[in-house]
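Novice: The primary structure of each chain is shown beneath.
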Amino acid sequence: MKEQSKSNRWLTAVLLTPTGLWFAFMLVLPLIVILVFSFGERAPVGGYAGGFTLEHYANLGARLKAFTNTLTYAPVGTLLSLLVAYPLAYYLAIKVNRRYKLILLVLVIVPFWTSLLIRTYAWIYILGGKGLPSILDWIGFEGVRLINTPGAVLMGIVYGYLPLMVFPIYVSLEKLNKSYLEASSDLGASPYKTFMQVTLPLSMPGVATGCMLVFILLMGEFLIPAFLGGGKVFFIGNALVDLFLQSRNWPFGSAISITLVVIMLITVSLYMRMTMRNSKTGVDESLM
Amino acid sequence: MSNNNNDKPITATKFMKEFHRYQKGSISRRQFLGVTGLGTAMAVMATAMPALLPRTAFAGELGDRLVFSTWPNYHDQANVDQFTKATGVNVHINAFGSNEEMLAKLQAGGTGWDVFVPTNYTIEEYVKLDLIQELDLSKLPNYDAGSNDPKFAGPATVNGKVYAVPKNWGTTGFIVNSKKITSGPKSWKDFFDVTMNAGSGHTILHDYQLTTIGAALCALGHSFNSIDAKELAAAEALLIESKPHLFAITSDYQPGMRSGDGWMSICWNGDATQLKRDIPEMEYVVATDGGEIWTDFYCIPKGAPHLEAAYAFINNFQDPAVQVSDAQVHGYAPTDARALALQPKSLSTDPILHPAAELMSGLEFGAAQTLTDPIRAEVMASFKSA
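Protein sequence lines correspond, in order, to chains A and B. Quick note: the first sequence uses the working numbering, first residue 1, plus one each step. Quick note: the second sequence uses the working numbering, first residue 1, plus one each step.
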């Protein structure tokens with residue numbers, strides 16, 4: 001017995017080594033590099049030169065608009081995705097005929113097989129002057145502008161992130177024991193009350209996971225605002241692309257990255273604490 | 001919006017008409033793809049799926065691959081295909097919207113590029129940073145130094161060594177959709193006035209510090225190349241003031257101009273030719289208060305993985321006949337006197353390719369210091385994030 005547990009432990013260590021190395025080299029090390037860069041100086045021709053200065057952190061205000069844009073669009077985009085995804089997930093998990101379920105699920109996944117870049121490029125043509133606006137023009141709404149507006153960016157976000165929101169919610173609704181719903185209606189609850197007091201609380205883990213996935217990815221988004229916002233709706237992601245790939249101010253870019261990581265750690269831990277408390281009370285209420 | 005056909009997506013009949021024109025050879029494959037929108041779709045798909053690239057059986061000593069970084073709408077795809085057919089080298093094209101973006105990639109290292117196309121003002125800095133190779137002219141027999149006007153070809157030589165050969169020269173002005181904007185703007189000052197008034201919401205500026213900041217500087221009566229802190233602050237203020245009136249900030253402005261959303265844009269003269277070819281109301285303006293005259297070059301980065309293919313590729317495009325057939329598609333004039341002598345009258349008398357001398361007198365070549373000037377870099381970045 002003892003022999004075996006020892007070899008087990010050894011096996012565990014061996015199996016964890018690749019993951020450990022991966023984390024050390026792909027996550028910890030780059031983060032340290034960025035942290036060091038963020039205190040350095042911009043080299044005269046761009047890039048990084050050594051040194052120690054806090055000026056890049058002091059200068060964060062120069063990208064205030066990017067921070068406020070991201071911190072507005074990310075939660076709003078997450079909420080919109082949730083509002084669109086929940087009914088779809090609910091329909092797929094509870095309402096739809098078993099025979100079509102698989103086909104419909106596949107249809108939600110299929111767009112993911114094409115790169116987001118290409119799908120977003122397609123939207124440029126759909127929302128551009130010769131796309132939807134020309135149809136609107138034809139039925140009498142003249143001069144409607146869709147592309148390069150905040151609305152286009154939000155639409156792109158909901159379109160691009162929908163599957164990430166649908167699947168966690170779908171899974172939690174799928175696991176939901178349907179007899180709870182019958183019990184609720186047997187006890188005289190209206191469908192609305194059943195939804196609010198049974199279905200919704202029980203699907204909260206899925207909602208929380210979906211929101212987290214979408215929110216975290218949105219905080220680093222740059223492609224959708226660049227393509228559907230015409231470079232006028234500027235996220236932190238765009239500021240970073242700019243600082244690393246155009247103005248070559250690596251230290252300032254690093255300082256913004258570190259700040260973004262800190263903001264994410266704070267918001268995500270607050271959010272987790274909030275949803276964990278909520279889902280706990282939710283479970284308590286529905287099961288007690 | 002008006003009811004003319006340019007505002008509508010392509011119709012089935014128009015598509016078939018263009019297709020037949022293409023089959024008969026009266027338009028090039030590139031034009032066909034451009035008009036129907038298939039070109040963009042294919043370009044995006046091809047880079048996403050490298051496995052679909054044709055494999056040639058006779059891949060010789062040049063290898064089967066070449067990575068080429070250039071600018072949008074700057075080549076006749078037929079000539080690139082011809083090169084692939086003749087040599088077995090598949091050309092993978094990356095398009096960039098600014099020299100600064102190219103520099104950033106090369107500075108970060110590991111680009112895998114074999115040939116790229118920088119502009120006159122950057123070459124000296126690339127040499128200083130040790131990012132490009134001295135060219136072995138014996139491998140470029142089609143290149144004739146004597147037939148290139150030194151005004152254009154000069155920057156290729158640094159400290160007596162040749163690091164580049166010229167591709168094309170051109171001007172940076174602006175394009176106006178004269179059906180939408182009827183006031184006939186003539187200067188950068190007019191350009192920004194129209195942007196903030198009658199044309200509000202329909203102007204495109206480049207995502208490129210040199211031309212966008214340069215345009216604002218000219219509008220304020222300063223040099224296109226200024227690195228004076230006060231003048232740059234004024235330019236930044238003008239750009240930020242105009243930002244709510246812009247349609248987009250992008251160097252790939254043809255799609256926006258073609259869709260009818262964009263009415264006016266900072267524009268390189270070749271793009272103007274391409275736009276006017278399909279949409280006659282597009283008018284190119286060399287601004288009366290300044291602007292840019294430039295030469296683009298072929299360069300080989302240090303450590304290019306397919307060096308022999310790179311030389312073969314550049315050599316192919318130094319052939320005067322190839323230069324002329326390329327120019328007929330992209331609309332930029334060659335610097336090579338042999339090619340200029342070969343070009344048809346439609347090119348040699350085209351005022352977009354060869355503007356009148358008095359219009360060119362106010363134009364400036366980009367200056368080396370603008371590439372690395374930290375204030376210009378930050379002005380551009382903070383304008384975009386404003």
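Mixed in with the good hints, there may be bad ones.
[Stated by the list, open to error] Derived pair list, reagent style BS3-like, types lysine-lysine, alpha-carbon separation capped at 27 Å:
#1 B:Lys179 - A:Lys232
#2 B:Lys180 - B:Lys105
#3 A:Lys65 - B:Lys230
#4 A:Lys65 - B:Lys276
#5 B:Lys105 - B:Lys302
#6 A:Lys232 - B:Lys302
[Said to hold, decoys possible] To list a few chain A residues with every Cβ distance to chain B over 12 Å, as calculated:
#7 Ser5
#8 Val45
#9 Leu64
#10 Lys95
#11 Pro111
#12 Ile147
#13 Gln197
#14 Asn249
[As the list claims (entries may be wrong)] With beta-carbon atoms standing in for the labels, derived distance ranges:
#15 A:Leu64 - B:Pro141: 54 to 62 Å
#16 B:Glu364 - A:Thr17: 23 to 31 Å
#17 A:Val45 - B:Lys151: 45 to 53 Å
I should point out that these hints are in silico values taken from the structure, not numbers from a laboratory. Just so it is clear, the structure is predicted and the values come from calculations on it, not from any experiment. Even glycine gets a Cβ: it sits at the ideal position worked out from N, Cα and C.
Novice: Each hint needs a verdict: does it hold in this structure or not?
Specialist: Results of checking the hints against the structure:
Proposed proximity of B:Lys179 and A:Lys232 is supported: the alpha carbons are some 25 Å apart, at most 27 Å. Annotation: proposed proximity of B:Lys180 to B:Lys105 is violated, straight-line Cα distance about 38 Å (limit 27 Å). A C-alpha spacing of about 23 Å is found between A:Lys65 and B:Lys230, which places the hinted pair at or below 27 Å, so the restraint holds. Proposed proximity of A:Lys65 and B:Lys276 is contradicted: the alpha carbons are some 38 Å apart, above 27 Å.
Between B:Lys105 and B:Lys302 the alpha-carbon distance is near 13 Å, which keeps this suggested pair within the 27 Å criterion. Straight-line distance between C-alpha atoms of A:Lys232 and B:Lys302 comes to about 36 Å, which puts the hinted pair past the 27 Å bound. Every CB of chain B is more than 12 Å from the CB of A:Ser5 (nearest about 46 Å), matching its label as outside the interface. Remark: the non-interface label on A:Val45 conflicts with the geometry, its nearest Cβ contact in chain B lying 5 Å away (cut-off 12 Å).
Distance to chain B contradicts A:Leu64 as a non-interface residue, since its nearest Cβ pair spans about 9 Å, not more than 12 Å. Consistency note on A:Lys95: stated as away from chain B, and its beta-carbon is indeed over 12 Å from all of that chain's, at 36 Å minimum. Annotated as non-interface, A:Pro111 keeps its C-beta farther than 12 Å from every C-beta of chain B; the closest such distance is 14 Å. Remark: the non-interface label on A:Ile147 conflicts with the geometry, its nearest Cβ contact in chain B lying 6 Å away (cut-off 12 Å).
Separation of A:Gln197 from chain B is adequate, the least Cβ-Cβ distance of about 46 Å exceeding the 12 Å criterion. At the 12 Å boundary, the C-beta of A:Asn249 falls inside the reach of chain B, the nearest C-beta of that chain being 7 Å off. Restraint check, A:Leu64 to B:Pro141: a C-beta distance of roughly 57 Å satisfies the suggested window 54 to 62 Å. Take B:Glu364 and A:Thr17: their Cβ atoms lie about 60 Å apart, and the range 23 to 31 Å is violated.
The beta-carbon spacing between A:Val45 and B:Lys151, approximately 27 Å, falls outside the hinted interval of 45 to 53 Å.
When each numbered hint is compared with the structure, violations occur for hints 2, 4, 6, 8, 9, 12, 14, 16, 17.
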